[in-house]
Amino acid sequence: MWGRDAQLRAPYKNFFDWFDQEDPKRLRAKNREAEELFRLTGITFNVYGRSEAEERLIPFDIIPRIISGSEWAKLSRGIEQRVRAINAFLHDIYHTQEIVKAGRIPREMISQNEAFQPKMIGVDVPGGVYTHIVGIDLVCTGPGEFYVLEDNARTPSGVSYMLENRETMLQMFPELFSKNRVQPVQQYPIDLRRSLAACAPAMAEGDPTVAVLTPGIYNSAYFEHAFLADQMGVELVEGHDLRVIDGRVAMRTTHGYQPIDVLYRRVDDDFLDPLNFNPESQLGVPGIMDVYRAGGITIANAPGTGISDDKAIYSYMPDIVEFYTGERPLLQNVPTWRCSEPDALAYVLDNLEELVVKEVHGSGGYGMLIGPTSSKKEISAFRKKLKARPKNYIAQPTLSLSTVPIFANSGLTPRHVDLRPYVLVSPDGIKITPGGLTRVALKKGSLVVNSSQGGGTKDTWVLEE
Amino acid sequence: MLGKTANGLFWMYRYMERAENTARLIETGQRIALTRLNQSDDEWASVLQSADCLHGYRAAHDEISRDLAVDWMLRSKDNPSSVVASVNAARQNARLVRTAITGDVWEAVNSAYMALKRTLARKVTERDLPSALRLIRHHAALVRGVTHGTMLRNDIYDFARLGTFLERADNTARILDVKYYVLLPSARSVGTSLDNVQWESILRSVSAKGGFRMEYGAGGGPREIAAFLILDKRMPRSLAFCAGKLRDNLDYLGSEEDAGVLSREKVASLEDRLKSKSIDEIFEYGLHEFLQTTLEDLSGISRQIEQDFRFYA
Chain A
1 MWGRDAQLRA PYKNFFDWFD QEDPKRLRAK NREAEELFRL TGITFNVYGR SEAEERLIPF
61 DIIPRIISGS EWAKLSRGIE QRVRAINAFL HDIYHTQEIV KAGRIPREMI SQNEAFQPKM
121 IGVDVPGGVY THIVGIDLVC TGPGEFYVLE DNARTPSGVS YMLENRETML QMFPELFSKN
181 RVQPVQQYPI DLRRSLAACA PAMAEGDPTV AVLTPGIYNS AYFEHAFLAD QMGVELVEGH
241 DLRVIDGRVA MRTTHGYQPI DVLYRRVDDD FLDPLNFNPE SQLGVPGIMD VYRAGGITIA
301 NAPGTGISDD KAIYSYMPDI VEFYTGERPL LQNVPTWRCS EPDALAYVLD NLEELVVKEV
361 HGSGGYGMLI GPTSSKKEIS AFRKKLKARP KNYIAQPTLS LSTVPIFANS GLTPRHVDLR
421 PYVLVSPDGI KITPGGLTRV ALKKGSLVVN SSQGGGTKDT WVLEE
Chain B
1001 MLGKTANGLF WMYRYMERAE NTARLIETGQ RIALTRLNQS DDEWASVLQS ADCLHGYRAA
1061 HDEISRDLAV DWMLRSKDNP SSVVASVNAA RQNARLVRTA ITGDVWEAVN SAYMALKRTL
1121 ARKVTERDLP SALRLIRHHA ALVRGVTHGT MLRNDIYDFA RLGTFLERAD NTARILDVKY
1181 YVLLPSARSV GTSLDNVQWE SILRSVSAKG GFRMEYGAGG GPREIAAFLI LDKRMPRSLA
1241 FCAGKLRDNL DYLGSEEDAG VLSREKVASL EDRLKSKSID EIFEYGLHEF LQTTLEDLSG
1301 ISRQIEQDFR FYA
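If you read the sequences in order, they're chains A and B. In terms of my numbering, the first sequence opens at residue 1 and continues consecutively. In terms of my numbering, the second sequence opens at residue 1001 and continues consecutively.
Note that these hints are calculated values from the structure, not bench results. Since the structure is predicted, the reported quantities are computational estimates derived from the model, not experimental observations. Glycine is no exception: its CB is placed at the ideal position from the N, C-alpha and C atoms. It is possible that some hints are incorrect.
Per label pair, the in silico range of CB-to-CB distance [what the hints assert, rightly or not]:
#1 B:GLU1063 - A:ASP23: 35 to 41 Å
#2 A:LEU40 - B:ARG1122: 51 to 57 Å
#3 A:TYR218 - B:GLY1103: 44 to 50 Å
Taking lysine to any residue pairs in the SDA-like style, the calculated list, with each CA pair at most 25 Å apart, reads [stated by the list, open to error]:
#4 A:LYS431 - A:GLY206
#5 A:LYS30 - B:MET1114
#6 A:LYS30 - B:ASP1104
#7 A:LYS384 - A:GLU353
#8 B:LYS1117 - A:LEU57
#9 A:LYS119 - A:GLN282
#10 A:LYS30 - B:SER1111
#11 B:LYS1117 - A:ARG56
Let the hints inform the model, and build the full structure from the sequences given.
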C-alpha cells in the first residue's frame, strides 16, 4: 500500500479518492458505531481464566485491506496446490508412508511426533478428505510476495470475523461498495455446508445430516460455532446431546435420537472420544472413533490432521508439495532452522537477537521469542530454554513485512498484518473464499497479530479485475 | 430439534416473561406506596410474595422496607427471579439456542441485557425507578415483537410460546392467590377506599386495568375481577387464555407425530376445570384452593413437557 516505497498501490486508488473526501470526525463516529454493532450482534470471544466468563470484542479497524484480482489469482493457485499436497501427505503417512521410504522426511519426524495419531493408521476417510477446512496464515513482504507462516489444518477459527467484518462494512459504508467491485464472501456458510455434505459417508441416505460440535457456551470461540451452525442451518450440538446408537452417532431431539452423517467438530482430537483418547474428556462422544473407523460418520477435520500443521513438519513443506504434486511450490515457506539439527541450532544460538524462535507445538503467539524486540535478559533466558530442549523449537528470520494503514485518532498509520484465507476441501474440489481474515498488530512496530495478545481485524477485499 | 434447544427456548421465554412480570409487580407496589395514606411498608411483603421471592428476601434481610424490596426484586444476584437475574438467564439461554432464534430476536435479547446491565449497575433511586421500569417493559416488548414478527411458525416457535404462557399463567395465579382474601365476598365492603386500591393493584399487576374498564365500565367488583383474570378468554393474561395457548401450541407440536400426549392430557384437564366452573362455583369451592390446585397443575405440565420432549434425557 504505502509500503516500503511510500507509493500508493493501485488497488487502493479508488478507496483513497473516497477517504480523502471524508470528514475524519465522521469516520471516528463510524468507528464507535462499528463497536456498538459488534457488541449487539454478540461477536465476542470469552477470555479464559476470569472468574466471570468475560466477553470481549476484538478491535475492528475500518480501513479495508485491499488485494488486486490478479494478485489473488496467483495466491489462490499456490494455496490450492499446498492444500492438495497436505491431504495427499496425510493419506500417505497414515497408510504406506511413501514419503518416508523415499527419504524425504526422517521417520522419527512422523513416528515420534505428538500430533501423529496412531488410531488413524489404515483408516480410509470418507471421500478421501482429511482437511475439510484449512486456514493458511500468510504474510506479505511486497506486492505479490506472500510467505506461508503456518498451515492451520486442525480447526482453524476466525471465519465468522471475516463474514461479520464484511457485513459491518456493508452497513457502515455502502457507498464504498458501489465504487469498488469487491468479490463477495457471504456465500461461505452455504459453500461450507455443501462441502461438508459432499464428504458424507457412503451409508448416508438422502440429504446428509450435518451438525457442528462445540465444547459449549464458555468456549472462547462459542460465538463462531453458533454463528456457523446458524448460517448453515444445521444443529449446534454438545457432547452430552450425542450418543452412539446402533453403530451411528445420534443426537437427542424432541422426537428421539437421530443419526448424524457429518460432524464439523470444534473440539480438539484429544477431547473427541473419552474411550479412545483422553478418558477425562466431558466434551466428546464415547465411542465416536469406533463409529468413524467403521464408516458410520464423517468427522471434519479428520482426527490426526495436526501433524500436517506441526511447526517441525512445516520446514519440510516445500519437499511435501514437490513430492505429491510433482510441481515446484508456488507459495514460499519462510526459511526455517530446525533446532533439532546441530548445525542449525548453533546458527540460531549465535543469531538469537535477529531471529524469531517458536515452539514446535505452540500456538496463539505464546512461548515465542522475537529477537529484535526482546531485551538482553529475555534473550538469555530464552537461550537457556532453547539449549535444554532444542527439539522443541524452530527459528525463522524476521521478514521485512509490508504494512497496511489503520485508522487511528491521529489519522492513518501503518501496521503489520497477516492474512488467513479459508479453504474448503471436498471430493468436488477445492474452494477458496476470496479474501479471508486480516489480523493486524495494533501496537506500533509489533509483529504479533493474535487476538489474545491485542491484535485486531479488518475487512479484506479482493477486487474484481 | 435438539431436546436441549427446546429446553433453552422454553426457559429463555419463561425468563423474559418473568423479568417483565417482576417489573410490573414493582410498579404496582410503588404505586400503592405512593397513593396510600398510612405510613407502613406492609404492601411490600405481599408484593414480594406475589413475585415468589419473599422467602429468599427474609433469609437475607431482617425487615421489609421499600428500598430493600425494590432492590431485591430488581437487581439482587441472590434472588434468582430478580429482573437482572432473569434477563441474564434469558440471554444465556438465547446464546444456547442462538441457531434456533432469528438474528433479530437475538439482538433484541442482547440489547435488553446490555441496556439493563448499564441501567441496573447501581441501586436505582426512587426518582429513576419509573424510567428503569419503563426500560424493562420496553425491552420485553421488543423481544416479544421481533419474536412475533420474524420467527417461523414451527416447533421452535411452539416451545417459545409454551414457556411464555406457562410463566404468565403461573404469575397470574400467584398474584390472585396472594390477594385472594380481598376478593372474597365476606371481605366485601364495597366503596371503601382501601378495597378500591387493592382491587386496582391486582388489575395493574397484570396490566388489566384498561381491559377491565372497557368491559365493565365504572362498575364491577371483586367477583368480576376474579372472573376476568381467571375465566375470560379474551384477556391475554387470564388463566383460561394461557391454558388455551398451551393447548394450541402442544397441538401444533403433536400434529406430525404423537409427541406430547401426556402433556396434552394435563393441559386438557386444566382447561376442563376452567371451562366447567362459573366464578360463583369457584368461590364456593374456595378461591385459594382453586388457585393452589392450578399452580400445582402448571408445574406438573412444565415437568411433563420436559419429559415428553426430552429436554434433559
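Okay, the hints, checked on the actual structure:
Restraint check, GLU1063 of chain B to ASP23 of chain A: a C-beta distance of roughly 59 Å breaks the suggested window 35 to 41 Å. At about 23 Å, the CB distance of LEU40 of chain A to ARG1122 of chain B disagrees with the hint of 51 to 57 Å. Taking 44 to 50 Å as the suggested C-beta distance range, the pair TYR218 of chain A and GLY1103 of chain B does not conform, at roughly 22 Å. The suggested pairing of LYS431 of chain A with GLY206 of chain A holds, with an alpha-carbon distance near 24 Å, which does not exceed 25 Å.
Restraint check for LYS30 of chain A and MET1114 of chain B: the C-alpha separation of about 20 Å stays at or below 25 Å, so the hint holds. Taken as a hint, the LYS30 of chain A and ASP1104 of chain B pair is honoured in the structure, with Cα atoms around 22 Å apart against an allowance of 25 Å. For the suggested pair LYS384 of chain A and GLU353 of chain A, the alpha carbons sit about 14 Å apart, so the restraint of at most 25 Å is met. Distance restraint check for LYS1117 of chain B and LEU57 of chain A: the Cα-Cα separation of roughly 17 Å lies within the 25 Å cut-off, and the hinted pair is therefore satisfied.
A C-alpha spacing of about 20 Å is found between LYS119 of chain A and GLN282 of chain A, which places the hinted pair at or below 25 Å, so the restraint holds. Distance restraint check for LYS30 of chain A and SER1111 of chain B: the Cα-Cα separation of roughly 19 Å lies within the 25 Å cut-off, and the hinted pair is therefore satisfied. Taking the CA atoms of LYS1117 of chain B and ARG56 of chain A, the gap is near 15 Å; set against the 25 Å cutoff, the hint holds.
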